[in-house]
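Please work from the sequences and hints to get the whole structure.
Protein chains in written order, with UniProt numbering: chain W, 1 to 593; chain E, 1 to 167.
Hints listed in this document are in silico derivations from the structure and should not be mistaken for laboratory results.
Hints are supplied without guarantee of correctness; some may be wrong.
As the list claims (entries may be wrong) - Residues from chain W that face chain E, not an exhaustive set, calculated with beta carbons under 10 angstroms:
#1 Phe211
#2 His232
#3 His241
#4 Glu249
#5 Cys258
#6 Glu261
#7 Asp306
#8 Cys307
To be verified - Each computed EDC-like pair below joins lysine to aspartate or glutamate, with the alpha-carbon atoms no more than 16 angstroms apart:
#9 E:Lys64 x W:Asp219
#10 E:Lys4 x W:Glu220
#11 E:Lys64 x W:Glu249
#12 E:Lys8 x W:Glu485
#13 W:Lys396 x W:Glu375
#14 E:Lys98 x W:Glu375
#15 E:Lys64 x W:Glu252
To be verified - Computed footprint of chain W on chain E, listed as stretches where at least three residues anywhere in the stretch have a Cβ under 8 angstroms from a Cβ of chain W:
#16 71 to 85
#17 92 to 100
Keep in mind it's a predicted model, so treat the numbers as computed, not measured.
The beta carbon of each residue, even a glycine, is placed where N, CA and C say it ideally should be.
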Amino acid sequence: MFICTATKLHPSLPSPFHLPNTAAIPPTTRKRKAAEASISSQPTEALPNKRVASAAKSKAPPTPVTTTSNTMDSEEDFMSAMSSDADMQDFSGEEAPSYPFTYFDDDFDDEPDPDFGVLKDSGSKKKVAYDVSFQVYEPADIQRQQDDMVNEVNMILDINKEDAAILLRHFRWNKEKLIEDLMDRRAKVLEAAGLGTDVNTAPKLEPVPGFVCDICCEDEEGLETFAMKCGHRYCVHCYRHYLTQKVREEGEAARIQCPAEGCGRIIDTKSLDLLVTPDLADRYRELLNRTYVEDKDTLKWCPAPDCQNAVECGVKKKDLDKVVPTVACLCGHRFCFGCILNDHQPAPCELVKKWLKKCADDSETANWISANTKECPRCNSTIEKNGGCNHMTCRKCKHEFCWMCMGLWSEHGTSWYNCNRFEEKSGTDARDAQAKSRMSLERYLHYYNRYANHEQSAKLDKDIYQKTERKMVELQRESGMSWIEVQYLNAASQTLQMCRQTLKWTYAFAFYLARNNLTEIFEDNQKDLEMAVEALSEMFEKPVQELCDRKLKVVIMDKTSYCNKRRIILLDDTAENLANGATGGTIYDYFAW
Amino acid sequence: MASKRIYKELTECTTSPPPDMKVCLWNESDLHTWKVALAGPASSVYEGGNYAVLVTLPTDYPFKPPTVRILTRIYHPNVTNDNLGNICLSILKPENWKPATKVSAVLQAVRQLLVEPQPDDPLEARIADEYRNDRNEFEKNARQYVTRYARGPPVFGDAPPAAEKSK
Ligand SMILES: [Zn+2]
Ligand SMILES: [Zn+2]
Ligand SMILES: [Zn+2]
Ligand SMILES: [Zn+2]
Ligand SMILES: [Zn+2]
Ligand SMILES: [Zn+2]
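Right, here's the structure in full:
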């Protein structure tokens, strides 16, 4: 697909760049395109084709619908894959196609869809506000994109491929700037990238008379030394040690600086090859390859362990307060392109960061302590309140006082109202501060408990999934339903997980929202979704005997659809309001916490 | 290999120490643990204070950065407000550390941090806020700490305190 882009940018280039026809689309790409369409409903596993999605999901399906095939199985599939590829050309353009990570998919209307509940109901293909465009690349795609760029620079500028790669990395893969700069001031650019043109200055090791290494302070005669173009010279042992540590331990490659204090000179590949062992040089090249993704703001590695895919998304850092760019990798992992954390819609990245920090912060505990403990007014020892009674007696000095007003209990008489009046009269700052801290803590705990509850459920995802599998097998046996007919349970399970993930973040989000009519709508949406999820959850937990009832199946399918619908409404509403903030419309007011 | 370098640096630091400092080994048998007495720089809020600074050189020095701690309590945005006295200094971060950088340069950077705190890269966010928004209050508090903790000769304790991890 990179080829297409190149064609657009350089329509006059010779034939290798003119390959935007269907034959040029590699089969792997086609396969991937098909998978993309199905990603939506499959948060847990990558699948090559929608139609066999559910069968493929199961590790050992007792009655698989069909065997998984990695090839296109209909003309229609092929055409839809093709059109996706064509769309790619315009990825950054106005008409950017949407690659929904949600439920929108009506390419397969010709037969009943096993993922019924998850897929249907959204109805139209209307682009929802929380939806962002993205594209997943597999390692081969990433390699091909780099190779294409290297080849292009190699041809246009007549520079060998190795050097072209160094130059591209030096320019952080900004090919246009590289070409422009190199045409303007070739020698300077080559020099800066560590590619001096003079053969005499090729990197070499040499002993220098009277040399003392500034790192190890060795000065023995004949000591081999090395210096980059900056002239900072060190012994070969120190250089080797330094580079090995950078590459091996720190995983650094493209930006290893000269060991001198304050020198920003970057080590070039040729120098590195001269200094280190071949296997370290291999590792270095491997790391260099990764910089292609790391250098581009529009590319991010999928953070799932062992996943080597990268995702491209055009959402800019500065827009992260207005959009929550959730993307879904082919491996099934759903994450935020902005901050790489797991999907946290509807809460914006910044807020998520704040919330997580708050949750981790010990200061909350400190607040709790100050809200639930006080110091004895006489001896200052710490007293914890553990019952409802305000009559406190210090364990240490036996001083009796009132928890509310800290006044002497003996002066209180027996009436609560005395205390109240007393409080009104004096009202010291210390008391106000304590009351405030207690209130803010209660507020925090309200949201935190609900957040944590949904998070806990999310952690059980794996169990739930396995439980569902077992249940589906049992249900087939008990009810005589076919594998396809029990898929509704799978859909329900996935919906539950996805909705809980969303609900979890709605609580963090709500914690920071100031009260206004938007918050009320938000809380209504939240309540609707939560109630639907709890109801579905309850049905889902029913024993298999009850699930055999086909009426219950219909109810569960309806509830699943309803949950999905509520989730979409909530996310859509929130995303729209967030986005509107940018255009001068209403925006959520955040508490300045 | 490291000992030759460390020995050379130590000699330099003891014979011509960086300004406002006195440098020696914690005990003669350990080249990797240094005691530094640092006088609060004149015209800084820490003037008049005497600070016990502990420098620990890792086994892999100079390829790994030394760690520096201010054992005397100090009120500063970039030093933890506790008994550890961990310091946030960008040249000491592993990814920024250069093996050619010398301890004396590090010590001068520490001293410079007292002259000019870096509130944008704080270890104590509250103190950093105060430094930015209420300089008078900050200076008052900093001076109070000097009076309270840093008046006498610097106190190092008997043994070098165990290194403790702090972020
Ligand atoms: Zn050396
Ligand atoms: Zn240099
Ligand atoms: Zn992935
Ligand atoms: Zn994010
Ligand atoms: Zn008491
Ligand atoms: Zn009272």
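So, going through the hints one by one against the coordinates:
Taking 10 angstroms as the C-beta cut-off, the interface hint given for phenylalanine 211 of chain W is violated, the closest approach to chain E being about 14 angstroms. Nearest Cβ of chain E to the Cβ of histidine 232 of chain W: about 7 angstroms, under the 10 angstroms cut. The hint holds. At about 6 angstroms, the closest approach between the beta carbon of histidine 241 of chain W and any beta carbon in chain E falls short of 10 angstroms, and the interface hint on this residue holds. This hint holds: glutamate 249 of chain W has a C-beta 9 angstroms from the nearest C-beta of chain E, less than the 10 angstroms allowed.
At a threshold of 10 angstroms, the smallest CB-CB gap from cysteine 258 of chain W to chain E is about 8 angstroms, leaving the interface hint in force. At its closest, the beta carbon of glutamate 261 of chain W sits 4 angstroms from a beta carbon of chain E; the interface hint therefore holds under the 10 angstroms criterion. Annotation: aspartate 306 of chain W was flagged as interfacial toward chain E, and the flag is violated, the nearest CB pair being 25 angstroms apart, outside 10 angstroms. The criterion of a C-beta within 10 angstroms of any C-beta in chain E is not met by cysteine 307 of chain W, whose closest approach is roughly 25 angstroms, and the hint is violated.
Distance hint between lysine 64 of chain E and aspartate 219 of chain W is unfulfilled; the C-alpha atoms sit about 22 angstroms from each other, more than 16 angstroms. With a CA separation close to 13 angstroms, the supplied pair lysine 4 of chain E and glutamate 220 of chain W stays within the 16 angstroms bound. Between lysine 64 of chain E and glutamate 249 of chain W the CA atoms are separated by roughly 11 angstroms; this keeps the pair inside 16 angstroms, and the hint holds. At roughly 79 angstroms between alpha-carbon atoms, lysine 8 of chain E and glutamate 485 of chain W are farther apart than 16 angstroms, so this suggested pair is violated.
For the given pair, lysine 396 of chain W sits about 11 angstroms from glutamate 375 of chain W by alpha-carbon distance, which is consistent with the 16 angstroms threshold. Restraint check: the Cα-Cα separation between lysine 98 of chain E and glutamate 375 of chain W comes to about 51 angstroms, which exceeds 16 angstroms; the hinted pair is violated. Restraint check for lysine 64 of chain E and glutamate 252 of chain W: satisfied, since their Cα atoms lie roughly 15 angstroms apart, inside the 16 angstroms limit. Counting residues of the region 71 to 85 of chain E whose C-beta lies closer than 8 angstroms to any C-beta of chain W gives 0; at least three are required, and the coverage claim is violated.
Closer than 8 angstroms: that is the beta-carbon criterion, and the region 92 to 100 of chain E has 5 residues meeting it against chain W, so the requirement of 3 holds.
Going down the numbered hints, you'll see the structure goes against 1, 7, 8, 9, 12, 14, 16, while the others check out.
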